[in-house]
Each structure stands twice: as C-alpha cells, then as structure tokens.
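Protein chains: 2
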Amino acid sequence: MTRIQLFELIRKKKSFLCVGLDSDLSKIPSHLLSVEDPIFEFNKRIIEATLPYTIAYKPNLAFYESRGLQGMESLRRTMEYLDKYKEEVFTIADAKRGDIGNTSSQYAKAIFDPESSGFSFDAITVAPYMGEDSVKPFLEFPGKWAIVLALTSNKGADDFQFFSDAHGKYLFHKVLETTQKWGTPDNMMYVVGATRAEMLQEVRNIVPGHFLLVPGVGAQGGSFQEVARYGMNSTCGLLVNASRSILFASKGIDFADMAEKEARSLQKEMEALLLGRGLL
Amino acid sequence: MTRIQLFELIRKKKSFLCVGLDSDLSKIPSHLLSVEDPIFEFNKRIIEATLPYTIAYKPNLAFYESRGLQGMESLRRTMEYLDKYKEEVFTIADAKRGDIGNTSSQYAKAIFDPESSGFSFDAITVAPYMGEDSVKPFLEFPGKWAIVLALTSNKGADDFQFFSDAHGKYLFHKVLETTQKWGTPDNMMYVVGATRAEMLQEVRNIVPGHFLLVPGVGAQGGSFQEVARYGMNSTCGLLVNASRSILFASKGIDFADMAEKEARSLQKEMEALLLGRGLL
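These protein sequences, in sequence, are chains G and W.
The letter at position 105 of the first sequence is residue 105 when you use my numbering, and the numbering goes up by one with no holes.
The letter at position 41 of the second sequence is residue 41 when you use my numbering, and the numbering goes up by one with no holes.
Derived by calculation from the structure, the hints in this document are not laboratory data.
Be careful, since some hints might not be right.
Same chains, same label: a pair holds when it works inside one copy or across any pair of copies.
[As the list claims (entries may be wrong)] Result set (DSS-like, lysine-lysine): computed pairs, CA atoms no more than 30 Å apart in a straight line: (1) K144 - K251; (2) K136 - K169; (3) K27 - K136; (4) K136 - K251; (5) K155 - K181; (6) K12 - K84; (7) K144 - K13; (8) K181 - K136; (9) K84 - K268; (10) K144 - K14; (11) K144 - K86; (12) K86 - K155; (13) K13 - K169.
Treat the numbers as computed from the prediction; the structure is a model and nothing was measured.
Please take these sequences and the hints and turn them into a complete structure.
Here you go:
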C-alpha cells in the first residue's frame, strides 16, 4: 500500500486508528476457550467489530510465538482472514526485528514474501541498533514498509534512547536523522510513543513527512489529543495504536460489542481532529 | 545450564565453539532437497558431524521464520533432536528480540517455556534499544540466559553503536555498563563481534566476568586468535560462533565430512588457546 493510498483510507474511514492484536490467551473471554482456535476466533470477532473504524491491524508477534506452532497457525489464519479486506486495511507485523544484512533479508521474507513464508504483511517494526544493513533489506520490497523504533513508549526508553552527544543530541534524534537517508516517507515510518507526546514536535522537525506509528495510548497512559496536536502533518502522518483498551474492553460475552464501542469512540475523536486540520 | 557447567563443558570438549545453524535452503546440498524436511535433515547431519567439537548450537530464527510454519516445524524438530544431547550442548535462539515488558515476557515464553511454546532453549539474543523492561523478562527464568547485543560484527554497527557522549563514551560502552546491573555473569552474556577484536580489551574492562558470544569469525572475516587474546577470562568467557564456514564447507555429498573437518580444525586451535591460558 502506498502512502497516498494510506491517506485516502484515512480520509475514507475518517480514522487513523490501528488496532494492536496483542491477543493474550490468558486475557480473552473464557467462553472462547472451548473453540478449536480461541485466538483466531477472538481476532476474527475483534476485526469484524472494529473494521469500520480501523485502518490498520498490528498483530504483536510475541503473543503468537509464545504459543509455538499453534500460535503461528492462529496468526496465519488471522492474516488469511484479513486478506479479504486488504483494500481497506494496512497490516503491520509488530516484530521489532533487526540483524546483519543476510539475516534481515530472511526476516523480510518471513514477513513480506508469501511464496516463502505464507505471510504478506504491509509493514514490519524494526529495531535500529545494528544499523544500516540491518534495516535496508526491509526496504527492498516494493509497496512494503519498515517502521523503525525511534522513541518508544516504555519506561526503559530512558536507558539508551536519551543517551546524548556533546551537542545535546539524543540517540533517538540520531536514529531519525540517519535512518531517513536509507528510505523515504513512502517506505519508512517511525515508532514514537504517545507517552512522550511533548517530544513529538522535535520528531516532526526531523522527519516532517513520515508517518508515525504511535503506541502507548490507553493502557499505557498517553493522550492521543496531544499526539494529534504535535504529530499530525498534511497527509495525517499518524497511525495511533490501541491494543488492550479495545481488545479487553470487556471480558464477557459482550467483548466484541464493547471493542466496537471503544473503537468507534476513538474514531469519533479522530474524525474531529482530522476535520480541525482541514484533512477531510 | 549454569556458568560453571558451561565452563566444565568447555574443559571437557576442549572447545568454545558455537555452531550457528543459519540453515539456508538455497545453500544446502541439492541432494537433500528431495527428503521430506531438508532443513531438519541438514541440521541433524551437521550436528552429528560437529558434536564432538562443539559446545553450543545457535539456530538463527530468521532462516526458519522465512519458511513460515514449515520452517518453524524444522526448528522444532531440530531442537527436539538437540534435546538428546542437552547435557553436552548449550542452545541459543539467535532472535534479537526486545519489546515493552509485557511483550518481552511473551517472547521469553516463546523461547524458554516448553509448556507454552514447545521450545526450551538455554539462551536468547536480545536487542537493548528499548531498555530495562525489554531485557528483564528474559532474566526471570532460572538457568536461562539473555545475550545482549553490545558491539556487533556488521558494517552497520558504526551507525549507532559508536554514537558518543561528551566524555567519549560510546553507546556500546553505555549498554555494557547499564545492562550488567540488570543481571549477573550467571544469566547474561554479550554479543561482541570478532571483526572488532581490538575493542575486546575495552569490553573486558567493563564486563570482566561475563561470557561473550563472538560472531563474525570466518565468513565475516574476524580472527579468532585475536578474539581469544583479548577476550578470554578465567572461565574462558568466550563462545566463538562459526556458521557459514562450517555449514557450507562443501555443497556436495561430503558436506558433513567437510563440516566435521572445519569444526575439528577450529577445536584444535581453541584447545591450544585454552592450554596456553592454563584453563585445561
């Protein structure tokens, strides 16, 4: 999916909501545990309920890998199901991969090449620590995206991302400056946590045109009003992710209804923000 | 496996060789392609041939994930096979994982918890960019290890790992200093590339007691004589990895014999180095 197509999708659905499929078997409604593949069934119901309000789905691969081959089969079925809607949803493998060049090439095939792995996500999240040859293999697939970690939403972000040089430049500034030379706003995005909304202005100064994937709204405590204020650009430029606040809005048989309600509520706020910026 | 057990294994086999199972379907001998599971068959033959000279095996998960569920089944069978030798080999999931705390916990289950995922590796490689909560979940499994990326062997290591503060401290120094507070030499190791052997002295000044996993020997060009000179400590403290130089020593029907020859040759060099340090 191109950047223009993504922006058109945002305008069509009046939303920049990404739903994170962090589908934890220990947290899904207990009445689903008796079906053959509870995780797939849960995801299917969540997708059906949230599809009108959502432009992107982001399976968090850890939650599938933790259940071994059975979990990977749930992921495979989820992506097969989402493929029916490929014109109206952008898919992100939240995998935080990154290794030496020949290995990153294999990870890229795992996520992007259906002939090789069976998977054909639109995007993958990538860790920058190993530098250029660890990121570039993900940029070699036309129409696919690498979403590079810049400033994350967790407490541990303080440990290294704010390591600074003699001029007060932080590591995450350096990552933004350097990595943008490897790709373009048409094949690269950045992860910038909502819990650091005040830093979004700085991020936008360095990467004005790139989309930002913003986790940390809801369960992690970030305000997405602030994220929109500082992070939005002329093609929206934001994918705001919510996971637990939607997936586990209820643990009862009404979980899908409550997920829909939560997604619709976020979409309404997003619509107002898009209107306010003259983007609709 | 504890650090003492690992050192005993090194003394018993007179080797600190780790064989990286970067088992690329496009590079394995063509006569194996007709069997049901060529990757598993290849791994099994490589393990049988190199076992007397090898103390650790390190499947590179990218090469399995790139083949989807079929690849993960090859990995499952490989680990099941290695389980027969669990008293005499240390197993490393080369996965470069790292995410916010609740997600790293899931990755830890994927690699360490056989009840959950079917896998029970001894160790996993971990990327430090996201900080403390991204690493700590891997340290919560007794007897298991997190191997944190410090200074990698690839060209891209220059991009961020040498980002320096006002006092000339590099990011990789900071990573070594900070992360060692999260674990101990008994549950944490570091990745330090052989292509940077001259930096090993600096690494050893910061982490004198930790084991170092050293890739980049052979195909990537590092000298492991130099690695031993600068990196060895009183419990050896080194796992030197070789992948392509062993796996693809021959592409013919003699591939296992040639892999054995290469592994034996490395073991002989290692034996001399261990003797020279008075560790045997």
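Up to 30 Å between alpha-carbons, please classify K27 paired with K136: within, between, both or neither. between (36 Å within a copy, 22 Å between copies)
Which holds for K84 with K268 at a C-alpha limit of 30 Å: within a copy, between copies, both or neither? Answer is within; shortest intra-copy Cα gap is 25 Å, inter-copy 57 Å.
State whether the alpha carbon distance between K144 and K251 is at most 30 Å within one copy, between copies, both, or neither. Neither: 35 Å inside a chain and 34 Å across chains, both beyond 30 Å.
When no copy is named, should K136 and K251 be tagged within, between, both, or neither for a Cα gap of at most 30 Å? Between copies only: 29 Å across, 41 Å inside.
For the identical chains here, do K155 and K181 meet the 30 Å Cα criterion within one copy, between copies, both, or neither? both (28 Å within a copy, 16 Å between copies)
Using 30 Å as the alpha-carbon threshold, which applies to K144 and K86: within, between, both, or neither? So K144 and K86 pass the 30 Å test inside one copy only (13 Å; across, 41 Å).
30 Å Cα cut-off: does K144 pair with K14 within a copy, between copies, both or neither? For K144 and K14, only the intra-copy Cα distance (23 Å) is at most 30 Å; the inter-copy one is 47 Å.
Alpha-carbon proximity context of K12 and K84, limit 30 Å: within (18 Å within a copy, 57 Å between copies)
Since the copies are identical, ignore which copy is meant and state whether K181 and K136 lie within 30 Å (CA to CA) inside a copy, between copies, both or neither. Result: close within a single copy only, 11 Å intra versus 33 Å inter.
How would you label the pair K144, K13 (within, between, both, or neither) given a Cα cut-off of 30 Å? For K144 and K13, only the intra-copy Cα distance (21 Å) is at most 30 Å; the inter-copy one is 47 Å.
Indicate which option fits the pair K13, K169 if close means a Cα-Cα distance not exceeding 30 Å: within, between, both or neither. Classified as neither: same-chain Cα gap 38 Å, cross-chain 48 Å, threshold 30 Å.
For K136 vs K169, is the C-alpha pair at or below 30 Å within one copy, between two copies, both, or neither? both (24 Å within a copy, 27 Å between copies)
Hints 1, 12, 13 from the list above are not met by this structure, while the remaining hints are.
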